[in-house]
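So the protein sequences, as listed, match chains A and B.
For the first sequence, this note's numbering assigns the number 466 to the initial residue and increments by one for each residue that follows.
For the second sequence, this note's numbering assigns the number 466 to the initial residue and increments by one for each residue that follows.
Source of the hints: derived by calculation from the structure; they are not laboratory data.
Incorrect hints may have been included.
Here are the simulated lysine to aspartate or glutamate pairs, EDC-like style, with alpha carbons at most 20 Å apart [stated by the list, open to error]:
no., chain 1, residue 1, chain 2, residue 2
1, A, LYS676, B, GLU547
2, B, LYS578, B, ASP530
3, A, LYS676, B, GLU724
4, B, LYS676, A, GLU724
Since this is a predicted model, take the numbers as computed values, not measurements.
2 protein chains.
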Amino acid sequence: MIAADNIRITNPVVDAALSDLDPRPIQVLAEKCESAGAEAIDINSGPLNRDPERKMAFLVEVIQDVTGLPILLDTANPSALEAGLRVCRNRVIVNGFSLEPAKLASILPLAKKHEAHIIGYLLYPDSHVPSDGAERLGVAIELFDKYIQAGLDKERLIIDPVISPLMWQDGNAQDMEILSVIRMLPDVLGFDVRTIAGLSNLTSGQGDRGKKILMEKIYLPMLMGSGLSIALMDVTHVETIQVARACRSLMSPGIFSWEEI
Amino acid sequence: MIAADNIRITNPVVDAALSDLDPRPIQVLAEKCESAGAEAIDINSGPLNRDPERKMAFLVEVIQDVTGLPILLDTANPSALEAGLRVCRNRVIVNGFSLEPAKLASILPLAKKHEAHIIGYLLYPDSHVPSDGAERLGVAIELFDKYIQAGLDKERLIIDPVISPLMWQDGNAQDMEILSVIRMLPDVLGFDVRTIAGLSNLTSGQGDRGKKILMEKIYLPMLMGSGLSIALMDVTHVETIQVARACRSLMSPGIFSWEEI
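Model the full structure from these sequences, guided by the hints.
The structure is reproduced here in structure tokens:
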């Protein structure tokens, strides 16, 4: 599944429209995402320090007025999250929780109450990134324990191994470790757990756009070939979408057809 | 490592030059391969029914006059192979053997005698393709046994899991199985065995060139991400070479640099 990460508060268009509670610019963006190939839409509202409930409800409502796609509610603010969950009629995924105590205490119960799917990040309680694949699998086991202890249904869990930016000193090595983590998670957790990865993280920071898209285009097949379930990405990257579709055709259990490429 | 599959008898230029024993068209091709990014050159001479020794020796000599790249001697004809091995000064890889009794009897001893590296195909003795990953691993174990019994050094073995064309009924499913085979071979054989795959096989048959290259561009990162050592490919596919290089930067143990992309 391809999820669009384009509706984010760091986009000045989204920020301005949200300040003015002006639905149209946000709806235009959501429609563009869907026609570009998005199969789900991430609403990254940021922390929403002022008026969080009203603003998240506004975002969800204006977007589901123009699309029936599943929505990822991407905020660390529990009030905003709850407001979004309350008004969301589309299929909904909470994005997300981690071992951070505040998130375990506030986010998990909301996902449970609203029977939402939920993304769990492989990060330490202080939000530090694990330093290799084995540490990530250790965090995954702990995260899964907390999740089950909180009474949620394992079928609704989606794991995010958290892609490292290539500009980090060992970012590329970490990103290679992530491939094995994605392959091993079903065995380690004992069920066919779904996974999500935020592809835009890979190339965050300064850099040539063409080179960034090239790196996306090679890392995405590695992720998908390793079993990734959901690619969260900038759906305006036409060539990356084309790559995602070609990977899906290659990996589909049916007979391959050149017509579908 | 990127090995060029462009010097092949099915190319009319190569066929004509070989008939006339005209070095220049073959040398031009070899030079083009090297400047396109080839790090080894496969000489696919076909069976060479007439004058095999003279023709293979000619091919090897004219090519190593213009390049110092390693050479893959790609023929099932033992006389041609031996003639090639005898004149080859560059690093040499025999391509290759399988469980086929004639190949075990004739090709393995030549590789041993000339201390050549050698490619072993994961095919049944009658050259049929195994029907899944488990069968391929079974063939690999048998192939490795025969190889060791023949007294060759395991460090010189390279395994070719044999990519299935997408036009085959279950070609794409087989090609996904091959990824796990590449990942599992070092554990199954108990050492860090190298692997090679002929990427042109993937898209053999009729089809749109752009779509074929797209499929190469997504399957190659999957192969490399699974640990493939040598990609045998058409090095005139500039975008596929670019993908191979980007994969290498991503996978390199050193610090990633955008300058290298």
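Going through the hints against the structure:
no.	hint	verdict
1	A:LYS676 - B:GLU547	violated (45 Å)
2	B:LYS578 - B:ASP530	violated (24 Å)
3	A:LYS676 - B:GLU724	holds (10 Å)
4	B:LYS676 - A:GLU724	holds (9 Å)
Hints 1 and 2 from the list above are not met by this structure, while the remaining hints are.
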